[in-house]
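Asker: Now for the letters of each chain:
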Amino acid sequence: MKRTGFLYDPRYLLHDTGPYHPERAERLEAIHKGLQEAGLLGQLTRIPSRMVDMKWVETIHAPEYIRRFEELCLGGRRTLDCEDNQMCRDTYEIAQLAAGGVLEAARMIMSGEIDNAFCAVRPPGHHAERGEAMGFCYFNNVAIAARYLQTAYQIERVGIIDFDVHHGNGTQHIFEQDPTVFYYSIHQHPSFAYPGTGREFEMGSGQGYGFTKNSPVLPGSSDDEYQRLIEKDLLPAFKAFVPQVIIVSAGFDAHKDDDMADMRVTTEGFAWIMRTIMMMGEQYADGRVLSVLEGGYALDRLPELAAGHVRILLDSK
Amino acid sequence: MFVSQSMTRKVITVSKETPLLEAQALMANSNIRHLPVVAADNRLEGIITDRDIRSALPYDMARGRAPEEERRKYAHLTVAEFMTTAPATVTVFDTLQDALLLIQEKRVGAFPVIDADGKLKGIISVRDLLRAFINVLGIGEPGTLLCILVENKVGQLKRIVDAITEERISFGSVLVARYWEKDKRAVFPYLLTNNVIRIKKKLQDMGFTLLDPMQWYLDQLPKSE
Chain R
1 MKRTGFLYDP RYLLHDTGPY HPERAERLEA IHKGLQEAGL LGQLTRIPSR
51 MVDMKWVETI HAPEYIRRFE ELCLGGRRTL DCEDNQMCRD TYEIAQLAAG
101 GVLEAARMIM SGEIDNAFCA VRPPGHHAER GEAMGFCYFN NVAIAARYLQ
151 TAYQIERVGI IDFDVHHGNG TQHIFEQDPT VFYYSIHQHP SFAYPGTGRE
201 FEMGSGQGYG FTKNSPVLPG SSDDEYQRLI EKDLLPAFKA FVPQVIIVSA
251 GFDAHKDDDM ADMRVTTEGF AWIMRTIMMM GEQYADGRVL SVLEGGYALD
301 RLPELAAGHV RILLDSK
Chain D
1 MFVSQSMTRK VITVSKETPL LEAQALMANS NIRHLPVVAA DNRLEGIITD
51 RDIRSALPYD MARGRAPEEE RRKYAHLTVA EFMTTAPATV TVFDTLQDAL
101 LLIQEKRVGA FPVIDADGKL KGIISVRDLL RAFINVLGIG EPGTLLCILV
151 ENKVGQLKRI VDAITEERIS FGSVLVARYW EKDKRAVFPY LLTNNVIRIK
201 KKLQDMGFTL LDPMQWYLDQ LPKSE
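The listed protein sequences correspond, in order, to chains R and D. All letters in the first sequence, in the order written, are residues 1 to 317 by the numbering used here. All letters in the second sequence, in the order written, are residues 1 to 225 by the numbering used here.
No lab work stands behind these hints, which were simulated from the structure alone. Keep in mind that this is a model prediction, so the values were computed, not measured. Each residue gets a CB set at the ideal place from its N, CA and C atoms; glycine is no exception. It is possible that some hints are incorrect.
[As the list claims (entries may be wrong)] Okay, the calculated bits of chain D under chain R, using three or more residues with CB under 8 angstroms as the criterion:
(1) 116-129
(2) 192-198
[Unchecked claim] Just the calculated beta-carbon pair ranges, DEER-fashion:
(3) R:220 to D:157: 17 to 27 angstroms
(4) R:201 to D:126: 12 to 22 angstroms
(5) R:20 to D:149: 23 to 33 angstroms
(6) D:178 to R:43: 52 to 62 angstroms
(7) R:33 to D:126: 38 to 48 angstroms
(8) D:33 to R:201: 19 to 29 angstroms
(9) R:220 to D:168: 45 to 55 angstroms
(10) R:43 to D:136: 29 to 39 angstroms
(11) R:271 to D:33: 29 to 39 angstroms
(12) R:83 to D:175: 21 to 31 angstroms
(13) R:200 to D:149: 27 to 37 angstroms
(14) D:98 to R:227: 44 to 54 angstroms
This is chain R alone, in the form it adopts within the complex:
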């Protein structure tokens, strides 16, 4: 059995998005409860959350943006950049705790204290652009972690796999010119789903051309279509790229019971995706897989989805 780290902090619940917002504290409570009831918490190594050292955030986000986020949030503004991004006074600090926790998980993997990790954080990150909050995301946790691994641990090639039902525009744009970070995303086709990017022809630019890969999926698709596209698009790409660490943007909103989009992936479908990722992790990255929560809004499905996800991290060979 693997030593799997689990990042969770009750303070992540303090990021208050107001009534009726789908990206709500109950999501994390459901995940925590799911792991507890499945008897998995005892098998996991707890990862303490930490305030992030802002020098790492600054490798990804523009200083003006960070300052604006801090000032507007602490000044009591309820939204940042768009009505979607609801804030409370704690949001800025919680976003720092989320990014800092993910970096701590990365550090523990690199030091060998754990083999892999699941980070149940909020706010999520993959829509956050260099200088703009988008789609409930403020700091791009996964992007910050990728740069941290490269800078602090001389990791040359980081592979990011994003299976949230929405395209991770922020992560893609941040690394689209960078051949050292491969960004792969599978998501509902952008003509039907937020944020309207992630088409097949988006393949990176300049030096980074060929190091971005998108698999848009038509609405109503299920496990077999995800499996077909992952085998066709992701497996050969990572075989050629040979990532030294894999970071997962784990969103569970492609589930058939999630109303956010129109996908019909089953709980078993998510397990297949994660087992496939772990197989690549073992093959190329010495088992170093860092999974970070993005979306997933079906509160009654999140417990089983999180438990299934963590079991695969624990059982990976």
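Could you slot chain D onto chain R? The hints should help.
Answerer: Here is chain D on its own, set in the frame of chain R:
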């Protein structure tokens, strides 16, 4: 939505006397395919395209790969002999819709835009129209497409728009299209948000049917009503 708002204003032009090879180089260097031909007072006299030039020259010349002495043989050719005189034009007062329909009808890649005196004001190409259309659809901005099936009767669209507005969601665009059941319409609001769970439920509670986007194919629609 007038042509004048979407056209290219800084137009690269030639005169009738411009050598053909010069026009060819101008297109290659500026990465364009259409050059309006104007008189000294900027009155439009014609248009010359990369296709006109290609068909006027032998293959190697057309590809710009011919040796210098070969090129000299064609140096006397001028734009006047190969341009289209009296080309299809639009005026600054025409709309984008006019230009879209005309471009389909005339099968050309660009129109010179002229004023009432026939003087050149700009050029509008397929590329400019596409950009304008992307703008109209709102798809340059992040958002989510909803597909709603409604009864074909007055007031339905208002109910949808009101419901969405109450949720304080901004619109990128709203398209209304025919549906294969004669008394129904398909409405496609493009909403500038990621947060659609509540509005979807609200619309369903109001009695609207949310369409599976995959069930709506343009080619299944009746050709006419």
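Asker: Does each hint hold? Answer for all of them.
Answerer: Consistency of the hints with the structure:
1. Counting residues of the segment 116-129 of chain D whose CB falls under 8 angstroms from any CB of chain R gives 0; the rule of at least 3 is not met.
2. Counting residues of the segment 192-198 of chain D whose C-beta sits closer than 8 angstroms to any C-beta of chain R gives 7, which meets the bar of three, so the coverage hint holds.
3. Distance hint check for residue 220 of chain R and residue 157 of chain D: the Cβ-Cβ separation is about 26 angstroms, which falls inside the suggested range of 17 to 27 angstroms.
4. For residue 201 of chain R and residue 126 of chain D, the Cβ-Cβ distance of about 19 angstroms falls inside the hinted range of 12 to 22 angstroms, so the restraint holds.
5. For the hinted restraint 23 to 33 angstroms between residue 20 of chain R and residue 149 of chain D, the CB-CB distance of approximately 25 angstroms keeps it satisfied.
6. The given range of 52 to 62 angstroms is respected by residue 178 of chain D and residue 43 of chain R, whose C-beta atoms sit roughly 57 angstroms from each other.
7. Distance hint for residue 33 of chain R and residue 126 of chain D: a CB-CB separation of about 56 angstroms, inconsistent with the stated range 38 to 48 angstroms.
8. Look at residue 33 of chain D against residue 201 of chain R: about 22 angstroms separates their beta carbons, and that is inside 19 to 29 angstroms.
9. At about 29 angstroms, the beta-carbon gap between residue 220 of chain R and residue 168 of chain D misses the expected band of 45 to 55 angstroms.
10. With their beta carbons about 55 angstroms apart, residue 43 of chain R and residue 136 of chain D fall outside the hinted range of 29 to 39 angstroms.
11. Residue 271 of chain R and residue 33 of chain D have their C-beta atoms about 53 angstroms apart, which leaves the hinted 29 to 39 angstroms range violated.
12. Separated by about 22 angstroms at the C-beta atoms, residue 83 of chain R and residue 175 of chain D satisfy the suggested range of 21 to 31 angstroms.
13. Separated by about 29 angstroms at the C-beta atoms, residue 200 of chain R and residue 149 of chain D satisfy the suggested range of 27 to 37 angstroms.
14. Roughly 49 angstroms separates the CB atoms of residue 98 of chain D and residue 227 of chain R, a value that falls within the hinted 44 to 54 angstroms.
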